[in-house]
Every structure is written in C-alpha cells, then in structure tokens.
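Engineer: Residue numbers (this note's numbering), protein chains in the order written: chain A, 200 to 622; chain B, 200 to 622.
Keep in mind that the hints were calculated from the coordinates and are not lab data.
From a predicted model like this one, the values you see are computed outputs, not experimental measurements.
Any given hint could turn out to be false.
Because identical chains share one entry, a pair is satisfied inside a single copy or across any pair of copies.
[Said to hold, decoys possible] Computed list of lysine-lysine pairs in DSBU-like fashion (alpha-carbon distance at most 30 Å, straight line):
1. Lys517 - Lys309
2. Lys481 - Lys517
3. Lys517 - Lys438
4. Lys413 - Lys309
5. Lys222 - Lys205
6. Lys413 - Lys254
7. Lys286 - Lys355
8. Lys542 - Lys355
9. Lys438 - Lys411
10. Lys413 - Lys324
11. Lys432 - Lys413
12. Lys506 - Lys446
13. Lys517 - Lys355
14. Lys232 - Lys542
15. Lys517 - Lys506
16. Lys411 - Lys309
17. Lys438 - Lys481
18. Lys438 - Lys506
19. Lys286 - Lys449
20. Lys413 - Lys438
21. Lys542 - Lys286
22. Lys355 - Lys205
Residues per chain are reported as follows:
Protein chains: 2
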Amino acid sequence: MDANKKISQWMNENRSELIELIKTLVREPSVQKNEATIQQLVEEYLLHMDYDVDKWEIGGEDLLSHDAFISPRNSFIGSPNVVGVNKGSDNGKSIVLNGHVDVVPEGDIKDWEADPFSGAYMDGKVYGRGSTDMKGGNAAMLFALKSIYSLQLPTKGDIIFHSVIDEESGGAGTLAAILRGYTADASIIPEPTNMKIFPKQQGSMWFRIYVKGKSAHGGTSYEGTNAIEKCQKVINSLKQLERIRNKRVKDPLFSSLPIPLPINIGVIEGGEWPSSVPDLVKLEGRVGVSPDETIEEVKAEVSQWLKGLAEDDDWFEKHPVQVEWFGARWFPGSIDVEHPLMKMLTNNFTNILGYEPTIAASPWGTDGGLLTTIGQTPSVVFGPGVTNMAHFSNEYVEVDKVLACSKIIACTVYEWVNEDRKK
Amino acid sequence: MDANKKISQWMNENRSELIELIKTLVREPSVQKNEATIQQLVEEYLLHMDYDVDKWEIGGEDLLSHDAFISPRNSFIGSPNVVGVNKGSDNGKSIVLNGHVDVVPEGDIKDWEADPFSGAYMDGKVYGRGSTDMKGGNAAMLFALKSIYSLQLPTKGDIIFHSVIDEESGGAGTLAAILRGYTADASIIPEPTNMKIFPKQQGSMWFRIYVKGKSAHGGTSYEGTNAIEKCQKVINSLKQLERIRNKRVKDPLFSSLPIPLPINIGVIEGGEWPSSVPDLVKLEGRVGVSPDETIEEVKAEVSQWLKGLAEDDDWFEKHPVQVEWFGARWFPGSIDVEHPLMKMLTNNFTNILGYEPTIAASPWGTDGGLLTTIGQTPSVVFGPGVTNMAHFSNEYVEVDKVLACSKIIACTVYEWVNEDRKK
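One chain only, chain A, in its complex shape (with noise of 0.2 Å):
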C-alpha cells in the first residue's frame, strides 16, 4: 500500500480523534493576549510526536522596529509563539505549516445560538468562534503531521510548525516566526478558502480619512459647511477609485470575484450634537493591495487620488481631507501557479477528492505575505474553512473538509519533504 492510501486509511479511523481536536482548540477562548493557554496545548501536540519545540514571547528591537512589524500591542507577555521542527533525515525540500491561534472577539453575545466557544459538534460540523478561521485548519495540519508520525513516514526534508499569534492584527506573530529563522522552500497555510487554492492573495491595509466642514446652528445651517455632506463626495470618490483600479485587474486568478480589490468603508463617524452644523467626520476602510503591487504604490495612489477632490469642489482645495494608514496591514502574496508545490497539491486535492481543485487568488490577505515578501517562503493558501463565516456569530467549521484537507496536506508534505532539495 503506497502512502497516500495508508494516510488516508489512518485518517478515516482515527476520524473521531479529529473531532476532538478541533473541539479542544476552538474550546481555547483564544482573542488577542489569552493566547497562553492554547499554545500550551498545541506545544504539548508537538511534543508528542517528538518535534523539537521552540516557545517564545516574541518582541525585541529586531521585530519591533521591523519595517514590517504592525501591531496594536508593543508588549507580548503571556503570548508566546510556538514552533514546532522535524528536522528532515536527509537534503528533502522543507516546508512551513502555518496557523494562527487568535481569534477575533466574539462580538454580540446576542446574536450566538449557544456559547461562542462551545465546541459543540453537530450534525458534521464543530461550532464556535475560530472554528473555521482557522482552528479546523490548524487541527487539519496537525492531524496530517500525526499521521505521518503514527505511519512513521520517512521525512528527508525538514517540517515546521508555526504556531502563531496576532495574525488578525497584521502578523507580529508570524514575521516574529520568520526573523527567528523559522522560513522553509515553501509553505502552506490553510486560511479559511473553502477548498479552494490560492496561489495568490490580495494584501490589504487600513485607512482612516479626516474630512473637515465648519460648524453652525443646525436652525442656520447655511451659514456652516456639513462634514457628514462633504464627506459623501470622499466617499463617491472612492468608489470611483475603487472602479479605476480594478479595471487594471488582469490576472485570471481573479476573474471569479466581481472586484477583486475591494475598497471597504467599514466605519464613520463625526458630529456631536444633531442641532449643530458637523465640523468633522472620520472615515476608516480597508483598501485591497494587488500581489502586482506594493503596499507603497497603493498608499501613494489614495493620497494621490483624494488630492483630485479639489477640482470639482473648491472647499477641499483650503480643506483638503486628511489621510492616515494605520492599524492592521497584510501584505499580499503569491507563489508560481507552475510552482511545484502548487502542482503537488492540485494533484493531491484530485486524487482525494476527485475532481479538480479550484485555483484563485484570495480576496484577503494572510500571513503568506510575510512569508512570502520578508520572509522568502513561497506560500499557498488552502484550507477547510469557509470566508463568508469567518468573523461571524454561530461560525463553524465541516468536519468532512477538515478531514479531506488534511489528507491533501498530509500527502503534500510528504511528497514534498522527500524530494531532494537540489537537483
């Protein structure tokens, strides 16, 4: 029996133990800074399988004055990273498993059927906040690394586990994984895709936009200039934008979304009082980041781009709006689709499933830019999780895809380990 049939034949009986896996990690409450607990977990998993195991708090000068290092916190205490090596017996090619174990809040306790972090399993799907982003992905790779483990497979190349924090404020966690050495030939990451392939992913990052009126009576309103009106034009013309640049959107990969790089408006906020005149309005979006592009070259274009409001509107030529990035930022990402771990896959994923993968490029970004950008590691992102329940209330994850996932990337790194680096 080849190994491919011997994985999927332990996977199939060891089913159950999957379903407990993903259980106890989405169980973990694990939002930013109550990470501690799930890590332990997770090193002890590793462990087990006889990994040389490396947990850190990650920080320092080298991380934290990054150009790349984006965070809402400067101190990391109590929120380690975890990563997890098998060193390969031989000169295989090595690959990076990637996951991250934050969640983001739980948001309206209201709007849950049942405690968010639950773990309940029913009818084939475990529920809970992280389930599907991306606990069931970790459990997937974990659970093909066991395999191998249990099969005891012979690996030439090296496996490393990152484990990491902070992924959904912009991937202190992971760029922290990758200054510590912890980089590889290629790797995967099984973000929430639904089964898809993504051998490209769109960065993104956050701006928040200041458009200022003057203030008067609301009774005289006309002797003011209204912010919140003001800022429709800023608005407009995003949208505009938005249109312009995706119309530059060639690259077939992103032929299935309507727009590939979305520019979000996700909150506003201005005036005080409702009989006044509002003097100020803060905007605060996200704008997608093309992998053709860099996050500068995008900066540049929306401020470039709001300048232009002052043609139609002479108010913004004295009061033109002013533009911050801030908070979290991901990097886009992409590997070859002719890449050899890309084919791999896609080979694998047939196999399995049988029929043929969806190859696209992800609406969203992920710590594969990192990887990819700083951290030289080609990355592919592919996972069990579905996007569209990502971030809300009664998420969960299929056990079945978490299943067929991990067969796919269990039979993936050890086809890819065992092949020699150098040829």
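Starting from the structure of chain A, add chain B where the hints point.
Structural biologist: Chain B only, in chain A's frame:
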C-alpha cells in the same frame, strides 16, 4: 420729563451696574444640573425689588406626563425654577418676561482664549459661555425692571418674571412655570436675535434614523450591503425634502433666510471595523418646524417621505429605515405682526435707537413656542445677543446692545402694563 426719558436717563447713569449684573450672571457656570446658585442670585435681585418670589424644584405628574414635556432628566432636584411677580395696582395688561439660566456646556476648553466662565469685560463686551445665550438678555430684563422699580413708575398690570431652567433641552422649566399658572396677556423673550424682532419662531425637533446594511468581510465587500453607502441615499433624500419643504414657505418674515426650515444632519455613526462591511448607521439631526405647521404634521411628513426611498432602491423595501423622534423639541411660536405688543416694541425701538427694527422670523425655536401653544401667551423674541455666537467658544455680548435692549423692554413693559385689560 416722560417715563421713557426717565428710564433712558436712569439707565445711562447706572450703566456700570448693568455691566456688573451681566458679569455676575456669566460667572455662574449654570450648565444643566448646576443652576441653583444663579437662581439664588436672581431670587435675591427680585426680592430687592419687592417682587413676590416663587422658587420651586419642578416635577410632578402634571409636568412629567404632559404631552409637551421633554427632557433628558426625570429629576430636577437642585435645579429650581424662580418666578417673581409684581402685582399690578389695577386692571392693566399682564406681561411675562422669560429667560432661561441654563447654558450649553463650554465644549473643548482649548478653543477658548480665556476661562469660559470668566465674565471678563473688555472693549465693551462681556465674555463667557451664556453671555449671548442668554444672560445678556436676562440682565436686560432685570435691569429694565430695576429701572421701573427705582423710578417708582406706576404699573397697573402684573409683571411676571420667569427665570427658568432646561431651555437648552426642550423647555421643561418654562412648561413648569406655565402649568403653575404663570401666564399673561403677552410675553417677551430676549433670546439672541441681534436686536431683530421675531414675532414668529421656527420650531424644531430631533430625529434619529437607523439605516440598515448587510455585513460581509471587506475583502468580499460585494457579498454585503454597505450601510454607509446606503446612508448617502438617505441623506440625499432628506436634502430633497428640505428643498420641497422650503419651497412651500411663503411668509415674507422668512424671506431673509436662505433656508427658512433647515433639515440638519448633525451626527453620523456606523460600523465597527475597517475591514467589515457595516450593517448599521445611525443618523441624528434636527428638522425645522414652521409656525404654520404642527410638530405632528412634520413627523408624519418626514416618515412618509422616507418610505419613498423604496421607490428608487429595492433595498429599502425590505429594509426600511427606522425613524425615531428623541431628545429635544421646540414648539414653533407666532404672534400677530399687528399685535399691540409688537407695535409698542417697534415704536420704542425706533424712538430709542433712531431707526426701524428688522422684523423677521427666527431660524430656531425658543420657549416662546410653549408659551404661545400651551400657555396661550403670545410671545415676541427680541434680545441683544448674536445667534451665531451662541453655543460657540469665546462667546460674548455687547454691553451697548444689552443697554439698548433693556431700555426698549423697560419702556414697552411700562406702556403695556398701564393699558387697561378690557377696552
């Protein structure tokens, strides 16, 4: 020497006392819930002129359950109303002089060049929060009564002085004074009109509108419906309603106002996360109410109008905006332009200042709406402050205007109360 000349002369001689009075009133930081000390000062001033003084903490079922009651407060402990009555000697016409002692908060202290409650006198002006709105006017009234008292001028009708709280939040103080029986044949309210005479006052009320959207991840924003973008349609629709409502205004008293009945969008708030499509936006604003329409009519018109949003956009068919009327509300008010009090006031203005006053409609509401509608007391608004100074930093009032206003009020009160009630 006739009474009018005596009044003018007495006031000129006692100008410094007026300045001290304005300064004293402005130095009291009588923001909401902090009105006790200033009311004590007013009480003493009235007692010195032998007025019967009624001082009481407003409240009780008749007030709190009254249709016209509106206030963010449900207890007024520590915030008394003060009413002083000078009983007439015969059957003369009665008059209410109404002024509120509450002031809006000082706002950002950094915007002030000096202490907001300094009451500093400089270049003919007294500076401080409330100087223009409306302690200058209150001082003008008290000083007018002081002149009549000091000159021992006869008064056949009752003079009723309202020193009320809570005007800035909708008029609970004046409503309480009305319900306690302190009404009259007419009333003067020296809110800041910049010496214009306002026989009509615009009413106004606050609305809150919730605009719904549908959440999605910002990277796949096309899967959601952006409530901030939908909100633009609501704002445009309100601006259109403003145009339609103002086309209907034919009253020549409103002709000097570019937009007699503004609909002001004062506050906007929506979304929580830059990378998410927001599913809810809250708008708050103020709609002006003409003296020719009722509060209820305007509520119905706005609600009906917003239902029309569904005609242009199906989204609003399934997700209609939600309209609430909340917070403050000022009844519109109106007195006949030919009313005898208007004639007296106009004549006295012309005699004292040597030119004819501007007669117009106010762009904002006052307690005059309550006095007219609920108290059956026709009211004129006429005062020394300047509208566009009200509620702003570095607020001031000009002493010369306060003095002129005081003379005009004193002469008018003297003339009015000495007319027989039943001719």
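Engineer: Quick check: which numbered hints come out false for this structure?
Structural biologist: 6, 13, 14 and 19
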